[in-house]
Structures are given as structure tokens and as C-alpha cells.
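Visitor: Residue numbers (the working numbering), protein chains in the order written: chain F, 1 to 347; chain B, 1 to 347; chain X, 1 to 347; chain G, 1 to 347.
Because the hints were derived from the structure by calculation, they are not lab data. A couple of the hints might just be wrong.
Claimed, not checked - Okay, derived cross-link-like pairs now, DSS-like style, lysine-lysine, Cα gap no bigger than 25 Å in a straight line:
(1) 281/B / 302/B
(2) 106/X / 302/G
(3) 165/G / 113/X
(4) 165/B / 302/B
(5) 106/F / 302/B
(6) 302/G / 252/X
(7) 252/X / 46/B
Chain by chain, the residues run as shown.
Number of protein chains: 4
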Amino acid sequence: MLLVMSQIRAGIINVTGYIGVEIARLLYQHPWVMLKSVTGRSLAGKKLSEVFPHLENTGLEITTEIDEDVDIVFSAMPHKTSLNVVPQLLEKGIKVIDVSADFRLKDADEYPKWYGFEHPTPELLKNAVYGLPELHRVDIAGASLIANPGCYSTSTILALAPAVKAGIIEPGIIIDSKSGVSGAGRTPSMTTNYSEVNESIAAYSLGGHRHLPEMQQELGSLNSGIPLSITFVPHLIPITRGILSSCYAKLKNGISLEEDDIQRMYSDFYKEAPFVKIVGKPPRTKHVWGSNYCLIYVTVDKRTSTLIIICCIDNLVKGGAGQAVQNMNLMFNYSETTGLEALSIYP
Amino acid sequence: MLLVMSQIRAGIINVTGYIGVEIARLLYQHPWVMLKSVTGRSLAGKKLSEVFPHLENTGLEITTEIDEDVDIVFSAMPHKTSLNVVPQLLEKGIKVIDVSADFRLKDADEYPKWYGFEHPTPELLKNAVYGLPELHRVDIAGASLIANPGCYSTSTILALAPAVKAGIIEPGIIIDSKSGVSGAGRTPSMTTNYSEVNESIAAYSLGGHRHLPEMQQELGSLNSGIPLSITFVPHLIPITRGILSSCYAKLKNGISLEEDDIQRMYSDFYKEAPFVKIVGKPPRTKHVWGSNYCLIYVTVDKRTSTLIIICCIDNLVKGGAGQAVQNMNLMFNYSETTGLEALSIYP
Amino acid sequence: MLLVMSQIRAGIINVTGYIGVEIARLLYQHPWVMLKSVTGRSLAGKKLSEVFPHLENTGLEITTEIDEDVDIVFSAMPHKTSLNVVPQLLEKGIKVIDVSADFRLKDADEYPKWYGFEHPTPELLKNAVYGLPELHRVDIAGASLIANPGCYSTSTILALAPAVKAGIIEPGIIIDSKSGVSGAGRTPSMTTNYSEVNESIAAYSLGGHRHLPEMQQELGSLNSGIPLSITFVPHLIPITRGILSSCYAKLKNGISLEEDDIQRMYSDFYKEAPFVKIVGKPPRTKHVWGSNYCLIYVTVDKRTSTLIIICCIDNLVKGGAGQAVQNMNLMFNYSETTGLEALSIYP
Amino acid sequence: MLLVMSQIRAGIINVTGYIGVEIARLLYQHPWVMLKSVTGRSLAGKKLSEVFPHLENTGLEITTEIDEDVDIVFSAMPHKTSLNVVPQLLEKGIKVIDVSADFRLKDADEYPKWYGFEHPTPELLKNAVYGLPELHRVDIAGASLIANPGCYSTSTILALAPAVKAGIIEPGIIIDSKSGVSGAGRTPSMTTNYSEVNESIAAYSLGGHRHLPEMQQELGSLNSGIPLSITFVPHLIPITRGILSSCYAKLKNGISLEEDDIQRMYSDFYKEAPFVKIVGKPPRTKHVWGSNYCLIYVTVDKRTSTLIIICCIDNLVKGGAGQAVQNMNLMFNYSETTGLEALSIYP
């Protein structure tokens, strides 16, 4: 290995949320990236270490405006606010990975329905690539704008893609997901208050969660022969990090598969994916804690001919910051795993 | 109120598990019961308060043998061991509430399949009443032997009974349950080790959980017209107490129900049930913590015509000890709620 | 017991915090109290059950103003706001238990120092009784205004009172307290955000915590011969309920005590106190969860002649709402334990 | 940087405990180490990944005997069992880092008192170096046998060393430590059972914890002028990883220090220590989660002239496996931080 490869310069807009701060951690440890600029609104002017002591080594200060002398910007702003910033960056030739939902949906008509606004730049939706490397590796490599997937979407699309692609299941899919609290972000709220969440579990967004159209778009595009009908119910559980998605779908009539067959089909589907592991028994989210791995267990409930898929990710890594870095690696022709080799921390 | 009603005397076999010790707490606080005798194997000879300081006021000592000068015995032994004790107690005219699975299944043939033993007294299976008051109130009142339901079964049967009875759903039902760790009992194991469970969630028993045949038996008997096909996947989450069951079933073709209609149907079904509340938004297990209540939220996912039912109980109260006391109240003609009026403790 | 004793009517100002809502739970279950009126600012107009489902049975609505047709008012407002309300209530002959610090300190000069305001009614400070029944039972019985102690103060004063009174320790006392998160209240903040608190412990208020002057006042008044010098450091730990205070003080020169002696001295000191238990081994906060009990373990580190006292309470019960009800019982000549008999819920 | 530096080969005896498995994770990620052999008793014959899925990439199998074709062995056996293995390894010229207490105490007479056995090889106690790099960097570099410090000892010695060395405090020191549950090891027990530990805190080992003699030995050797008298009380709190030690000591008469002075003194003491950071406000254990850092906050309680030091480490990293790797780095002349650069994972 020769060190002729020069480092790229990166910036993070709105570093102060959990995804932003996790991107900062990963980039700081990335051998080919120099994290040059981080912004934040209310905390501008402070040292990054004042707010996030674990990032002291970065030596960075939080600024109001992004330094545009960078090769790539990670935009970690809330939905609807990225819209106003991303186009200018692209025009200046800066690549952008946006972790909000603002560029995830191909169909601009979905935005008013799910996000309550008309999309101002529908033409960008065509250029934006949905940043799930396991499905779009080649497109990501050539993209200027990446729409980084939602955390729930990542876990459920990875769980279901092989079965949908293979056409072995009926259209009616039940997805029951359980997420740690960091997925709700860093802004204090009653919903994330310790005493409310601890020793409790709840389902929410039963009227329709915003990650659902992403799932439909991505899974739907894998197999036009199955008119997917997805019921998705997220749950909040008292852990900080982790998503476990349990997916259920009837096998098509006449299809009889052994667990071994289906596990082999899954392994095959992901044979080029360094972060997806098909495992032989039900995984725990603890097995991916702090890492970019995605563990998938797939089995068949023979009594009911139901395919059951259990998928675990760390919502802030593979479900957010890690996936963003994985996308960046592809965009800059680095090895997909660079800077993401850290094993999970157990226990 | 006159105190002419005399107290009954009660005993607990194997008080040292979490269900046993919770029955002791509830009986100690019950106005019409004198807790007279508690047994335990390894801890026999110790004061109850030495092992369980919160029960100091009971003044009881753990003995090897149950004092048979009692009106009712709660048998809190592990599966297969109750079998050897219950018949003798019944012969002596002592009423028995057994919290194990040994008398829950009507069909003796199910025992080898699910529990690995031939049932030695299949005739008792006929006399035993499945102790879910919401379905069997009258039979319980007249019974000598109650098979107290499993914790998962309680939550899922209560969640689904009205819909099954009404015949509005297709046979394929998905039940995704999440349980606190106390459900796994008090005996230390790797599975319940703090560092393994904390900050983690896992699915388990995907090959078939032992509570499944109870669900099939009880729900199946409500409506012979629906050949139920239940997929049940339990999950272990890092809370001490609480079960949340999320149940999914397609509405039958042609059936179109508003959330209001279905909530009314549920409220109607449970109008005589003092501990079941149909609530207007998704409940949290924290809302039933420490109480005998069962909260049920029912809604329709119109996109997919799927009925979704979310049900919360405290696994050690309504899912165990509280239900046992509720059964005892019915058997001795006390008000169903006596000794169980405590509200949930929040937060 | 004859039912000629008529119920009193009670109100709660600012029911919406954790102490307020816990008082509501306890009063609802109290046999001699009718909870008549509960107020709250932002939530006025809502049913109590909408915000706190576990209180549905109360049937109450949150109002803006307190119904003054009551015998007692529990004021659960933040510090400094009680000041404006309490005097009027007292003038109308309504007894008041104030859970804020506004009437806890006898010396008005302490308020500017610790709370940043001049006390407007220093004369009320003389009439107010510090509501720790174990020290002021008689005064409480005759009082119109009770200043309910802080949660930390309750645990540390009860832990140290016998030793200070007996004069067996040197003046330098180290108190290291650990509290659950509910002590920080129900208002969302970064400090109580689940993802910040979970899997973490921190010390805080090292510059001086506001409960310190209470401790000094109450312990100081027990023995003028020891010029107390208290170092108090509170810690936030990831539990919802519970305070464990570890107290350290050198035994005076020449004093040599066996653990048995000192435990007997403590038992003796609290022989009239129904909620304080001197225990024979270190207690866990779980042993008081949800109850009004206070468990104290006292021992001597012979290597260093240091008295060590470990004290556990539930910060919302004995450290707040339960103590308030205990005070009310004394004020209305009920048995001190009425409505507070519930055992801890374990596990 | 040239890759001429050849890798060393390492083995781990008893990889199956939490410290063992964490050493495996760190060594796998270490650029100059090839992890060659891992042993375990009950699990011998299994793939490491079967038991610890996060270590799948190592490709290792658990064996009964250690492969002696290695340069260094990490012995992660329980106390008293290392004794039988270490001498043979040393004789074969293999360097050893022992994480048990078997070689930590210089005075062989302490073993019967604290560990209940006569030390069989007291001569080895002389050669063994107490592996706290911040105090013994040079000796460690030249050692063949390292006694890796206890987790509590690491946090308390680092917290107190500068103050003891400087001679600014009185001999009476109070140490109140709080540890996560992983410190109790991986073997299931009632004490570490989730339902017992969750929502609870307890003090333990008040009669004298085994880490106390280490603290006395190491701190005592820093300043013979202070006859240290240490009271140490550990507490178990419901987190998986982390120790926070709160240390209290009176400033010597006549010594008056500002927080700034004392922080500067501490910074100075640790200016060569890459993993110790003196911070300007009380740290949280979350700030060191998963990293080898030690954060120390030091202040003076002016009211009582008491020095207060708060110290945070991850008990499995700086308090165990990370420190062992840090020692290895020194022994093999690598940069002290190699393989330990990972930042804490937050939140």
C-alpha cells in the first residue's frame, strides 16, 4: 500500500444531531478523509469538544457556515431544510450525501402526502441516488448526490430484498420494527425523556410512518410482478442504539423451501456485500452495536408457510452515519469498507 | 361494609420464583386472604424476608412442605412438576390454581409435542378450567382446578378474541410479542444476564413457542368458522416487566370497518371485564406497570386492509400472579377486583 | 373500625409533574380522601387520563384554578412559584403541603444564596414545619403549612440523624448520593434525554446542591455540639426511581462500636417510625421501589474507623409524594400509614 | 511508515470471559499483532464466532490448550488459576500479561488475607510489574510478566495519584465507586440477573473489597509521608460498561488551592499519558464508552476544604483489556496508543 492516495476534505452540515456527530467520529477515524468543517446553528462558536467530549481529538470548532473548500458535504439537517442548501453545493461541484428524506423519493408527488411540502426541485430527485450500496453500488459510485436511506428502511429493505427479487412471497408483508431511542434524534422531547421510555415499550405511527414510501419504492422496483402491500409498525424500545426488524410474508402457493435453501438464496444475494451477514440463528442488536454490519436471519414457519426474516443493524451506523461513509467510499473509489472495519463492541 | 365475611387461608408452592413472590405480595395485601404457608426447595428454612426484603411484613418462613390446612393452593412450580402435586391437593378438597402449563391444554396429545412428556392424568385436563376470566368467568367460579394462562397467551388471546369471535379476519394471523426479562424467571442464565440483555433486543423460539398451542386452543374455540393459522414470534427486550403484543390480520374480503366501529366492537366484547380497557391511542407497557390492567388499542391499516391490535399487560400481574388472584376471587365469590385495585405506578 | 370518619377533600396544584401525578395516585387510593381538584397550566382542559392513562379511574379533569372548597392543597409547583399561592390558601383556612423548597429553610437569608431570590414572606418560614415525620411528628400534626423535604435530603437526614444525635461522629461528613432520573422532573431536557442518560453515570452540582442547606439545618439542629461540615455530591444514574445515599463519617476518637451496637442504636432511634427499617445487609433501591419505605444499613469500617451508612428510598414516594401523604395523615389525625401500606413491587 | 515491522503472535487463555473476549476484539484490530490461539474450557472445540458473533472475522477456534508458538500470552483466568500456568509460560520465554490478581500484590502475606490462599511463587511477585502505564511505564517496557490492574483500582489510583504524590491531602480518603455489571463477569448469577439489577442500585463488599490492597500498595508507594487510610465502597449500577469513582479527601491544613491550580497540577502529572484527560467539568462514563480513555475532573469543595475527584473509565477497556494492550504496546516497543485509537462511541 502506497500513500500516494491523497486525502479528500469533508464537511458536515448540522453536526450536532446524533447522525451528524456519528459521521464526525467515523470521518475522523477514516484514513483518507480530512474532516475540515462542521456547522451547527445554536452551538456555533463552540468547540466541538465542549459539546461532545469524545470528539476532542478532532480539534474542530462548530461554525455557522460550511467551509466550501471541500470535496464532499454530509448534510445532516432535518427534513425540508436540506432542500435549500444542497442545490448550491452541487452547483459548486461539491458532492453531497444528504441524510434527510429530501431526496429519497423518486416520485415528487409523494412529498406532499408524507412530508407535507411540495418538492421545489423535482429534477434533482432524478439525479439523486438512493444510497443503499447493496442495491445501488454502481449508481452510487457515479453519483453527485446521495439520498442516504432511513434507518428503518435500511433494515427492512435489506431483510426483504432477496425474497422479493426471487418472487417467492405473496404481496402482503408485515414488518414489525423495534428501534432504540437515538433514532428519534437529540432534541429533547417527552417521547424521549428517560423516565417515559425506560421500562416501557410502545408502538407508534400506526397511521403510516414516513419510511414506508421508501420501502415501497425500493422493494417495489425489485420485482414488478409482486404488487407489494406492506404493513409497517415501528416500536420504541429502551435501548440507545439498534433496530431489529421482524418481517413476515406468506410463501407463494406451491413454494416449499427449507431453511437451508432460503439461507443460501440470501447468502448468494449478498455475496458482494461486505457488511451484510446471513446468520444461522436469530441475531441480537448487541451483535452489531457500534458497527456497520447488518445481520439477517431467515427461516420458514412450516406450520403456516410463512417466511420470517429477522434483521439487526445499529441505527446510527448502518442505519445512518456508517452507511453515509460507505457511500462516500464508493463515490471516491475507496474500498467500500475503509474506515468502517471496527467490530461491534460486546457486551 | 361489615367484616362478617371470613378470610380464607392460602398457600403458595414454590414461592421463590418471580410469579410465586408476586402472588405472595398480592395475597398479603388482599383483605380476605390469610397467606399461611409458602414453600421453596433450596431456600427452605429461611425467612421469606431474608430472600425478599419487600415481603418482611408477611412474617412468613419458607418451608419444604405446604401446610394443607388451607382453602387454596397456588402452585408456582415449573412445568411437569405440578403434575405430581396437584392431584393430591384436589383429593383433599383444596382448590388449586396452577401457574404452570401442566393443565392448560385440553388435548393430552399436545403435551408430548410441546412439552416432551406424556400427560399422566388426562382426565384432570377435562376438569381444569383455563383461567382467563374474560373468556371463562362462569366456569372459573365453579372450578376446583385452574390452569393459569401463560403471559404471552394472556396478551394475545385478549387482543384477538373479539376479532376472531366476530369472524371479521382471515385465518392467517401474525403475532409479534415483546416481553420483559422477568418472564424468563428468576433462575440465573446467560440469556437473562444483565450485560447480555441490556442494550439489545432479540427474537427467539422461532421454531415454535410453547404458548402457541394455548392461543390456538382458546382462539380456535371462539369461532369454528375460521381455521386459524397463527405465526407467533416472541422477542426479549430490556425491561423487567411488561409484554406488548402486536397482532396483525387481514380483514375478510368485503369487510370495511372504521377504527371507531372496531373499537366499539372491542369495548362491547369486554364491557363486563373490569381489567381490560380499550384505549384510543397506542398504549405503552408503562401504563400497566405493576397493575392487573390490560390495555388494548385496535385500528385498521386502510392501505392494506389489515387489522392491527396492540395489547399491553404486566407479565407478572395480569400475565401471572394478578390473574391468579383474579381467578381466586371468582372461585370464592369475591368481587373480581378485590386486592387488585392498585393503579399502575408511573413513571 | 367504624366508617363514621368522614372523608376530607384534597386538591393538587400542578398535578402534571412526576410528584404531582404520584400524589394523585396515592390520594385516589387513600380511603379517607376525596381528590377533588387538580390543576395544571399547559394541560388545563384535558382529562387527567388523556395525559396519564393510569389515572383514568379518577375521572378528573385538569383545571386552571384550584377548587378552594377543599381541606388540603398539595402544591407541586416549581420553586419560587409556590410563594405566590400558598399564603392565600392558608388565609382561607386551607392546610397546605408544599413540595417545593419555598418554605423549607428557616433562615430567610439562605434563599438568595441557594435559590436566587429574597423570600417575600419570612414570617411564614417560622410557621412552616419541615415535613420529615421521623423528626417532627408532633409539630407536623399541628401544622397548617408543611414544607415537604427534598428527595436527597430525606434520604441523607434519615441516614445520619441517629449518628449525629448520638454525637459519635466527627463533623466532616461525606455524602455520595445516586438518584434516578425522575428526580429531575417531567420537563424534557438534554440532561434527561434517554440516549444521554442510558448506559452512563455522572456526578453533578459539585459546586453545591440546593438540598445541602436543608441537610445542614435539620442535622445541625439535632446536636449543637458537632459543627457539621457536609460534602454532598449527587449523581445521576440510569434508573427511573430510587435514591441510594452512601454516607461516610469518622467515628470520634475513642469511640469503638460494633456493627451490632450501632444497628441497635439506629433501630432504637426509629422505633416509632413505621416506614424506616434498619436492615442487616446493604439494601438495594429495588427493595423500596414504589413504596414509602426507607431502608438503612449502618456499619463500621474498622480499618479506618469510619461509619458507613447506606440509605435507600423511592425518590417519588418517601422522597416526595408518599411523604406528603404521610404528613397529611398526621395533620388529619389518621394513622400515619393509611394509604401507604403498599409493599414495594419486585422485581 | 514502512511495513518492515513484523507482527507478533499472541494467545489468550480463557477467552470466554468479558475481558478475554474484549482482548480478542482489540488484538484482532491491532496492526502489529496476529491473534493466533484462544482457549476456553467448556467451550473448547467451538468456533469463536459461534459464541461471539462479533468476532466472526477472526476465523479462530476455541481450543483447550494454548498454542505456545506465540510471543505473548494474555491470561484471562479467574484468580488463583493463573498461578498454575504463568510460570511455565515465562520459562519458555513467552511474555505474559495476567489480568487476574495473582501477581498484583507485592506482599505475599496479603494473599491469604484477601484471596484466601498462600501464594506459591512469591519470587514472581517481585518480578511482576503492576501494569498501570501511567505510573510504571519504564518498568512495564522491560517486563516479562505484567499484573494487569483491577478495574476499580485503575480508576481510583489514576484519580488520586497526583494528589497523593503532591502531598496535599490528609490520609483519610473516601472512595465511592460505581461500576457497570460487566465488571462482575460473564458467568450467570443472581447478582447479575437482569431483573435484579435493572432499576436498582446497591452498595456491596462493605467489609472490604479485594481491590483495596492494590490501591493501598500503589498509592502508598507514591508518598511515604502520608499514612493512607482508605475507605472504599463499590456500588453496582444498571449499565453494562463504565466505572465512575468519586474520591474525597480533606486538603491538608493550610493548603488552599483554586480549582485551576489543582487542575493544572493534574494535567502536569499526566502530561505524558496519552489516555488520561483532565477535563473542565464532571465527566460521564458515556464519554469513555468503548475507549481506552480515562477522564478526570478535580475540584475543591471550598465550604469543607475537601478535594473531590471524579474519574471515569470503561471498565472493560482502560479497566481491563485496553490497558492490557497498552501494556503490550510498551513491552514490544510499539507506540503506546497503537490499536487503541478508537474514540468513544456516543451516544
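Visitor: It remains to establish, for every hint, whether it holds in the given structure.
Guide: Structure-based check of each hint:
no.	hint	result
1	281/B / 302/B	holds, 17 Å
2	106/X / 302/G	holds, 23 Å
3	165/G / 113/X	violated, 36 Å
4	165/B / 302/B	holds, 21 Å
5	106/F / 302/B	holds, 24 Å
6	302/G / 252/X	holds, 23 Å
7	252/X / 46/B	violated, 38 Å
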